[in-house]
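Undergrad: This is what each chain is made of:
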Amino acid sequence: MNVQAWTFVMVALSFALYIGVALWSKARSTGDFYVAGSNVHPIVNGMATAADWMSAASFIAMAGMISFMGRDGSVYLLGWTGGYVLLALLLAPYLRKFGKYTVPDFVGDRYYSQLARIVAVVCAVFVSFTYVAGQMRGVGIVFSRFLSVSVETGVLIGMGIVFFYAVLGGMKGITYTQVAQYCVLIFAYLVPAIFISILITGHAIPQLGLGAKIADGSGMYLLDRLNGLNEALGFNRYTDGSKTTIDVFFITAALMLGTAGLPHVIIRFYTVRKASEARISAGWALLFIAILYTTAPAVAVFARTNLLKTVRYEQNGELTDVKYEDVPTWFRNWEATGLITFNDVNGDGKIQYRGPKSDVQNELEIDRDIMVLANPEIAKLPNWVVGLVAAGGLAAALSTAAGLLLVISTAVAHDLLKGAIVPTLSEKRELIAARIAAGVAVCIAGYFGINPPDFVAPVVAFAFGLAASSFFPAIVMGIFSKRMNKAGAVSGMIVGITFTAAYIIYFKFINPALNTPENWWWGISPEGIGTLGMALNFIVAIGVAAVTPPPPAEVQALVDDIRVP
Amino acid sequence: METSEKNRTYWRKNLQYLAILLGIWFVTSYLCSIVFVEQLDKLQFGGYRIGFYFAQQASIWIFVGLIFVYAALMNRLDKAYQTGEEAEETE
Chain A
1 MNVQAWTFVM
11 VALSFALYIG
21 VALWSKARST
31 GDFYVAGSNV
41 HPIVNGMATA
51 ADWMSAASFI
61 AMAGMISFMG
71 RDGSVYLLGW
81 TGGYVLLALL
91 LAPYLRKFGK
101 YTVPDFVGDR
111 YYSQLARIVA
121 VVCAVFVSFT
131 YVAGQMRGVG
141 IVFSRFLSVS
151 VETGVLIGMG
161 IVFFYAVLGG
171 MKGITYTQVA
181 QYCVLIFAYL
191 VPAIFISILI
201 TGHAIPQLGL
211 GAKIADGSGM
221 YLLDRLNGLN
231 EALGFNRYTD
241 GSKTTIDVFF
251 ITAALMLGTA
261 GLPHVIIRFY
271 TVRKASEARI
281 SAGWALLFIA
291 ILYTTAPAVA
301 VFARTNLLKT
311 VRYEQNGELT
321 DVKYEDVPTW
331 FRNWEATGLI
341 TFNDVNGDGK
351 IQYRGPKSDV
361 QNELEIDRDI
371 MVLANPEIAK
381 LPNWVVGLVA
391 AGGLAAALST
401 AAGLLLVIST
411 AVAHDLLKGA
421 IVPTLSEKRE
431 LIAARIAAGV
441 AVCIAGYFGI
451 NPPDFVAPVV
461 AFAFGLAASS
471 FFPAIVMGIF
481 SKRMNKAGAV
491 SGMIVGITFT
501 AAYIIYFKFI
511 NPALNTPENW
521 WWGISPEGIG
531 TLGMALNFIV
541 AIGVAAVTPP
551 PPAEVQALVD
561 DIRVP
Chain B
1 METSEKNRTY
11 WRKNLQYLAI
21 LLGIWFVTSY
31 LCSIVFVEQL
41 DKLQFGGYRI
51 GFYFAQQASI
61 WIFVGLIFVY
71 AALMNRLDKA
81 YQTGEEAEET
91 E
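Sequence lines, in order, name chains A and B. Number 565 marks the last residue of the first sequence (the numbering used here); no jumps. Number 91 marks the last residue of the second sequence (the numbering used here); no jumps.
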């Protein structure tokens, strides 16, 4: 069977699995719809959280980014895992003990303020839409490359599937489909990684293969070989960084704090029975995530090595660039999608792939996002592996999209409609409203998937920056400071968001030409500025709270209550 | 022991655990993987430079370990607190 047939089989099988699971776990109450009845087993919740968290960005894009960035790629590995430590130690158990459905619930009650609740709702909806548009786009790319349907049709199919189980099953349906999706995506990620690891290093465990010697008898370590290949083509050594230490520090922190503050991750910890289960569940979630995240750097190195060996190889004892007419099929397939472009500048019919330090002009542009998807083909793995990777990419995108859509529908139906506009709404009507909101959100997300705004990539920095500079400090202070009051928290959030948003908007949208290290404040890029926004939030909040009256006694009692088991 | 006194002890102990575990978290992720990565890269362990190994492998596993250790410590503390959630559920 060819790649397309295998892909069709793998994708159809996985979709049938998700629909079966969704039918089996239909939501019957708002409790089921928002938090799966709060009786999900911690390991199951950990697995669902892992699928929820690992998006198209983690599955499809991350290893590719690391592959091109080398050691600088550590910011994603550290940032997107280290946040779970903060989540497990500082947020999840207390929010679970607090025991309502959403983050705006907590912010609104703890700071006895509708304004705080609405700020939280707006942030939650904005962050979630930003993210969901990217997921739908990922779905479209996978469909268009592997099933030769148009991106539009791909997005529509993806929307249909998500609509089905998110609207019908709510959090309960999503939780159990996410468990199935985790199994599909981790299997799809590990199988090619293990194959390629064995081919290159002879080790079956990619994490060991990364630090091992190449199995070609040369006795050279893989990383040393890759450093050499990179240098020969005028790139930085793979294990050296090119970002400044302060920038890496701030970006990592912003990603960590943002991860801990993202509403679709936090909301997952409301689905377990009690605070102690929220703690252990975060551990399971990170363990399941770590399996993919420690494989990713290995995949990045394998892919980079294979890629460089494809474009420049040894012939009769001499290194030569590959002739355009000799390129393998995968190269042509991706060229057709426009994600690989070759421009024969010097007209010699050979592909000169060169880095910034080389004297020869570079002729090849490779989109970072294709590395994971193209990897099995580059390594000449069997066709079914290629199909499996496509199904895995879809699982990652759909599971995250569903989690985000649920946050949006909960924010609209529960926090805005019931919490702020019509407090007398009956449970039955609230459930209908939540389903309609989820449906509308799917359609808007699909629209952005088909007509992607140019600003998808820069707004991801926004999503993390905002989560880091608004939610994280507000929730942490709400738990760890009894003295923190409405005036402090609200002014802190507003200053934090305004500062972060202004910095990002200035460098990303108003004046992108100035977006270079010389113009950044203290060398901090817009990706890392959320960390400074967070610090400002803390300072302003503590300052304002010190000169305004303490919160009412019942709020202080609430804080006492969430602190003890 | 009075409830408020018991709550205070419980919370103080919790904060101690947090300080220690977040200290380890900071050292592995920010010091070993970012600030002192160049110095650590001078040491090699198999094919890995140590700084690079911390940044792309070891830190992640240490994070996982920290969360499980915290969960275990808090379970023990919850038991000592006695009015654990089991008791609360039977109320």
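I should point out that these hints are in silico values taken from the structure, not numbers from a laboratory. By construction, the Cβ of each residue, glycine as well, lies at the ideal position given by its N, Cα and C atoms. Please note: incorrect hints may appear among the correct ones.
Just so you have them, the derived chain B footprint on chain A, three or more residues with Cβ under 8 Å [unchecked claim]: (1) 204 to 212; (2) 263 to 270; (3) 431 to 443; (4) 525 to 538.
What follows is a list of derived Cβ distance ranges for each label pair [stated by the list, open to error]: (5) B:Gly23 x A:Pro356: 51 to 59 Å; (6) A:Trp24 x B:Leu18: 17 to 25 Å; (7) B:Leu15 x A:Met220: 45 to 53 Å.
Undergrad: Taking 8 Å as the C-beta cutoff, is the stated coverage of the stretch 525 to 538 of chain A by chain B satisfied by three or more residues?
TA: Three-residue rule not met by the stretch 525 to 538 of chain A, so violated; n is 0.
Undergrad: The stretch 204 to 212 of chain A covered by chain B? Criterion: 3 or more residues, Cβ-Cβ distance below 8 Å.
TA: holds (count 4)
Undergrad: Just to be sure I understand the hint, the distance between the Cβ atoms of Gly23 (chain B) and Pro356 (chain A) should be within 51 to 59 Å; is that true here?
TA: 39 Å, violated
Undergrad: Under 8 Å between beta-carbons, do enough residues of the stretch 263 to 270 of chain A, three at least, approach chain B for the coverage claim to hold?
TA: Check failed, 0 qualifying residues.
Undergrad: Using the Cβ atoms, figure out if Trp24 (chain A) sits within 17 to 25 Å of Leu18 (chain B).
TA: 40 Å, violated
Undergrad: With a Cβ-Cβ cutoff of 8 Å, does the stretch 431 to 443 of chain A contain at least three residues near chain B?
TA: Per the Cβ count (0), the hint is violated.
Undergrad: Looking only at beta-carbon atoms, does the pair Leu15 (chain B), Met220 (chain A) fall within the given range of 45 to 53 Å?
TA: At roughly 50 Å between Cβ atoms, Met220 (chain A) and Leu15 (chain B) fall inside 45 to 53 Å, so the hint holds.
Hints 2, 3, 4, 5, 6 from the earlier list are contradicted by this structure; the remaining hints agree with it.
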